[in-house]
Structures are given as structure tokens and as C-alpha cells.
Amino acid sequence: MSQDNKNRPLLEIEDLRVRFGDPVTGREVVAGISLSVAAGECLGIVGESGSGKSVTARTLVGLTGRHAHVSAKRLTFNGENLLGLSDRKWRDIRGREIGFVLQDALVSLDQLRPVGREVAEPLRLHGWGNRALREERVIDLLGQVGVPEPAMRARQRPYELSGGLRQRALIASAIALDPKLVIADEPTTALDVTVQAQVLDLLEVLKQRGDALILISHDLAVVSRLADRVAVMKDGIVVEQGPTSKVLRDPRHDYTRSLLAAVPSSHPRGTRLLLRDPTTPRTKIARPAQTALPHGERILTVEHLTKRYRGPDGITRTVVDDVSLHLDAGETLGIVGESGSGKTTTARMILALTQPDEGRILLRGEEWSSLPERDRRSRRPLVSVIYQDPLSSFDPRWSVGQVVDDALSREHYASADSRRRRVRELLGEVGLGIEHLDRRPLQLSGGQRQRVAIARALAPEPAVVVCDEPVAALDVSIQAQVLDLLCDLQDQLGVSYLFISHDLGVIQHISDRVAVMKDGRVVEQGEASAVFASPRHDYTRRLLSSLPTPSFERVEVQTTSVERELAVGSLRR
Amino acid sequence: MPSLSTKVGLWTRHRMLRRLVGRVAGVVGVLFAVSTLTFLAAHLMPGDPALTILGGAGSHPTRVELLAIDRQYGFDKSLVVQYVTFTGHLLLGNLGTSYILKERVSTIIAQQMGPTFVLTIVSLVLSWVLAVGGTLLTARRNRYTSAFGSGAEIFVAGLPQYWLGIILMVVFAFRLRWFPVEGGTGVAGLVLPALTLAIPLAGFIGQVTRDEFSSVMEQPFVLSARTRGMGDTGVRVRHALRHSILPGITLSGWALGSLFSTAVIVEAVFARQGLGQVLVNAVSQRDIPVVIGVTLLVAVVYVVANLLVDLVYLVADPRLRSAG
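Sequence lines, in order, name chains B and R.
Note that this note's numbering has the first sequence beginning at 1, numbered continuously upward.
Note that this note's numbering has the second sequence beginning at 1001, numbered continuously upward.
Worth flagging that the hints you see were computed from the coordinates, not collected in a lab.
From the structure, some residues in chain B lie toward chain R, with a derived Cβ separation under 8 Å:
1. Val61
2. Phe100
3. Leu102
4. Tyr159
Computed from a prediction, not measured in an experiment: that's the story for all the values here.
Glycine residues also receive a C-beta, built at the ideal position from the N, C-alpha and C atoms.
Next comes chain B alone, as it looks inside the complex (with noise of 0.2 Å):
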């Protein structure tokens, strides 16, 4: 073991376990993994909740919890033991030797602070310069990770940020004693995929000046974009590691196979994510519907379609401005769109939760925006929704069987009898058994939540699903079985979704048509296959190139070459 120290990687993990509970019997939640990261070099972790990763990420500095044992064979950082630190001794590494930056800023730096002061927070406390140099460097720093007007930024609140300057912030604070090691746990997770994108850009910056990075996160594609080696995690042990291009073109673990597969921009509409037998090749699922009905009868008709609203500060902003849009029968409709782009107010215009201020919407050809409350009910069980979060729209009081009762017809189903089987039928159809009639919600997995919302949409046999980010909270093996059983439900029954995603990836996936929002308008709206294919819309365009796909090759250009130019100038020591 008598090897030269300069040759050592950077931080160095050889079977490192983590205990919850009991130092025996305890949750074993990180079994024995070992990874190395070089100066320089970015490895990127992958897995799904669960997985151990960010256990692992809060053990490297010395923070995994308050019941936690951690043991290794070795953990040595820059050459140093980091096991059985004391607590000065890790306070004096964090901040200073490793940077930690997490996922989504506004909850992730102080509220009630200036984000300033929270930049500053690293150098006052490792005694770096005096107030007014720090006030400087804070100044620097934030101009370094591309938030413009830096001085007045340093002022404002994290609320004040949007979700991508916050990002750039939280990241200005983890640099700012210029650590030798940068972990990231979920750095993009809440961001626009624009936003991502240049996110990514930012830590590519910071890679090329030779920091070491960790990269973690659920997202393949984010990761295979930064990564030089990539680890994938499930269970608490690394199932395989290795070059990022050859983990992603040649996986050899059934679970990386998986995770790929599952990816859903990788794969066309009308194939499955998931595979039951990795050996056996992706099948196309047979779509009767689709052929059965071309086009159909019209479902849904939105035309001219505006919102206004009056925020606190007196100025009125269009939330939803003249878009028009329609839905046939068995179709699925794709709205694609970062957050304030008017897709969940469209949304919501068309449940009839919210009255459009100008255009109409049509139901089957008849009026359905313009009827009063009173008409329109009869026909409610036409339009049902699946939300994002489901555990939000069930009473926690609640079975699962009580959530569907409910949502089932008076009228057709009379009697507790018909109900019961009705209820048994629809939970059966989207994979659920009668052992899970009687729990609640809190006791069912995210993947079974989003099963039952799904049965409560379909109860009252509507035409319309209208579906609002279903997936956007699932990992993505589960995402991958919804999504599916979703493409499965509408072969069998011929119910049309309105399928409202941030995530190109997973309505490319899912749509036969898509219209693209942005700032309260369509850009552009058309066949799934031709917008993917050859968008005609400059945002468009920026949302495709903005999407990280698995790559093989690792795909530079993500922003414009100007701006990537001057963000690696500033960072360059």
C-alpha cells in the first residue's frame, strides 16, 4: 500500500455503510459502497429516492443525521481520515474543502435573509477577510455565477429570485472559499428545463476550472451531461459504474437497463417504458383505438381563450392569452410549457374551475364555459382530472375504496352492491387488488397514489381526462408504469387525455399532438412526430436543445456559444 500520495484520487470511499436506528439491527440504507472522485473529474450518482444517494452525499461531509453510524474500510478526503472527525474538525472542512449545494434554493437558503448575506456566510465563517472585503467578494462571486445586477441581488430575498438565480446563488455560496470538491444533490430537480440547462452549464464551468464534482440525481440525462464516470445506486449499493459513455450505451445491471428504458423522450408513442424482461426486445403495443378512430368526434373545443389577473402590485397581467386548441376522441393532447406559462390556468378554464374572461369552450359541441354552474353539473362527469400530487387530493381520513365510491355515478350505480363491484372493477383495471381497498392514503407508495387518482378520474366515465403534470413527482421507473398504464387505458377505453407537462421528454412520449406555451400563448401547436421533429418556434427549438437526453456522446452547446464563452472567462482562475 505504499502508493504515491499525488497519484491518489481526491476523495476516496471503500465500503462505506450507514446505519439508521440501532448500530446493529438499524436500517442499513448505504450498504457498502466504494467510489473515488479526481481533481477535476465530475462522478455522477444516480438513483431513485431511496437509493441511499443523498445519505451518501450528507455522510462525505460529516452531516448524514442525528441516529446515523457510519463506518468504511476507508474515507479519506485530500489525503485526510474523515472518519471519526471531530465536530470543529468538520466545520473547518465544510464550506471551506467541500461545497455542498442542494436541491431547490428557496427553501434551501434563509428566507428572511438577503441572499448576499447568505453567500457571505461561508467566508465570515471561516474568518475569510473583513466586512467590506467580503461585501466584495460577494458581489464577485454572484457576478461569476451569471446572476446580472449583482449588487442589487445581493439584497433581495430568495423569494424576490427566480428559480434559476436562486439556483446560482445557493451554488455562489457553496464556491465562495473555492472548495477542492463540489457536491450537488439534485441541483436541477426544481428548474425549468431552460433554466437546467444553463444550470448545467454553470457546473461545467466550474468542472473546467478543476474543481472535483459529485453530480446526484434521479435524472440519467442530467447526469450523463456533466458526468465523466457515473455510479448508479439502488438499495444502498452501486449496481455498476463505470465511464459515463459506456454505463449508458453498454449497461451491464438489469437495473441501469431499466432506468434507461424508462427514460420516455428516448421512446416514441405507442411503445412501452417498461420492460418486464430486459432480454426481450421493446415491444409496440397494439393500438385499436387509434386506427378505430382517426378522428373522432370532436371532444373539446377551446377557442380564443384568455385570462387576466390583477396581482398585488395593481398590474394586470394575461395569463392566458387567445389560445385555442381541440381534443377528439381517444386523442391525446400535449401541452408543454415552464411553470407560468398558462398551462394549469388553461387547464383549469377547462374543468370550469376558473371562468375564461374572453373565448369559449365547447364540450362534445355544445357550450360548457358559458353555462351557468347549475347546467353545467349534469355534465361534469364528462371532465375529470389527475393532479400532480395526488396524496393532496385525497382526505387523509379516507380508504382508497371511499376515494373511488365517491367519485362513481349515483345514478348508474344505485345500489352498494353494483357500487362495491364497480369500485373493485376500476382498481383492478389500473393495477390495484382488493387488499388495497381499505387503506389510506398515507400508507400507499407515490405509483399506487397516482393508480388510485387515476381510477377516481376514470369512475364517472369521462371523455376528458385532463391530466396536470401526473407524473412530474413519480421516479422514473415508476413514471414509466403510469405513463404506460395510461397509454393502456385509453386503448381500452377511448377517453381522451389533456396532458399537461414541464417535461418534453414525457409528452413527446405520451402525445399525438402537442401545442407548446409560453407566456400565456400557443407557439405552436401541431402533430407530435412534426414538432418534435422540425419545430418551427424559436422557443421550441430552445426547449428541444434545452432537453438533456441520455447521450452517448456528451453534447456540448446547450446555451449560446457568447454566453458560455463569458460565463468560462469569469470562472477561469
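Guided by the hints, dock chain R onto chain B, whose structure is given.
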């Protein structure tokens, strides 16, 4: 762009003004309601006010004397007329004259208000010190310390003030002789009465502060701060503390008014000068103008306290400054 910023400034000021007008209208409404209710309640009290003015049942006044008083004070008029007269006087700032002391009510209140105010404010500050100190020292420590802290809060929150006052007096005044038994004008005389009021209140404030503190310590931004190298004490004082006092501030509006009215008990136990004594005597002697005057003052204190809470909130939580 100066034009834009002036526009925004005007708008903001306009909105603040509207908010202020709304609040003042609310204050006037509350005071009007309180004065009406106390007027009615006072007239439901048994006994003849003329008799009270003439020195109570023991003085055996003649019918003529009583009638003269009735005429002089307007007791012979209908209730409606009396109410209108009363409200008219009130609008002019005239609270009337005490039946017993034959002094203007406003003079009596002005004389006695000072000590009660001092006691109230000192108690509120003291209870905050105890609550925040307790939270910082015991919340989210090891299991036993935390359990001790929250247990102690529940215990003291349930203590009745009159009992606590007597215990404090017995221990610190009679036994240890650290503080004067009763009266006492200086700081020494203030300690025991203020503690009597502050300790139970600290229990209440401590409970909400601790709850918030514990949930704030779980927030990602606390983890962020720790990854920058901040220690436990730093996180507690610099990040979590400010968040955790917010719910307690709301509680303080209620607490200030409540302290002002429960000061009565403490002033009785410690024989302190103050409005409490005035109110107790006035109620027992049916000195209606004084009762109404003190009640109105308590209402004003409640209203002003809640206005203050709103202002303090704006300082403590910058998020409210930008929101509507």
C-alpha cells in the same frame, strides 16, 4: 427609470394608506361596540346608582335626595336617552365622573395607568426572554433535555397566577427576603409581580416557539448553513431563531391585552398600585363610570397591541413587505 419607480412608490403608499384607514375604522368600530356593551352590562347590574353616589345603602338617603340625584345625572330618562348622552360625552372625550371618588374618570385612570403599563411591558419582555432562552437551550437537544424543556413549558403554562404569586411571595419575600413583600415602588418591587405574570405566559409562547423551532431545524436551508461550516449554536441563533419567533409574535398581541387585564390579580396579591385595584374597587362599589372607563382602556390596549404586532411582523418577516 424614474417614472416607473415613482409610480410603484405611489402605488405602495396608496395601498399602505388604504390599509391604515381600514385599520383605524376597525379600531373605532371595536371601541364603539365595547362601549355599548359595557354600558348595557353596567345597567344590568343590580342596585340604584343614585344610592351609590350618595354613599351606598348604609347612608339612608331620603327620597327627595335620591330624586335630585336622578335628575342631576339623568337616571330618570329612558335607557336610550341615557345611552345617547353617554355616547355623546364619550365622543367628546368625556368619560364622566366617579360616583364614589367624585373625581373625573380620566384623571383617576391617568394616575393609576403608569404602574400597570410598566408591569405589563416588563412581564411581556420577561416572558419572551424566558421562552426564547428555554427554546434555544432545550429544543432539539438530546431526548431528556428536550422532554424536560417541553414538559416545563406545559407545567408553567398551566400555573394559576394568584397561586404562583403567593408561592413566589412566600419563598422570595418571606423566606429569603430578597424582595419586598408588598408595594415597593422601585425595580425590586417589580420583580415578583412581573415574574408572576411572565412565567405562565412564557410557557405559552415557549410552546409555539419550540414547535416552530423544531420544524425550522429540519428545513433544507439549515442543512445548507451547516454545509458551509456553521456550528449548532450558529444555526440556532442566526437562522432558526428568527423563524421560530414569528408565531409567538402573533400570540403577543393577545398576550399584551391579557396581561393588562390579569394584572388585576397580581396587583391585588402584591398590593401594588395600579388599574387593577381601581377596577376591583369600582366593580364592587358599582362605580359604573370607572368600570366603563377601565374597560374601554383595556379594549384600546388590545387594539393597539394588535396594531403593534402587525408592525413588528413587518420588521421580522420581510416576506410580508412585498406581499399584498
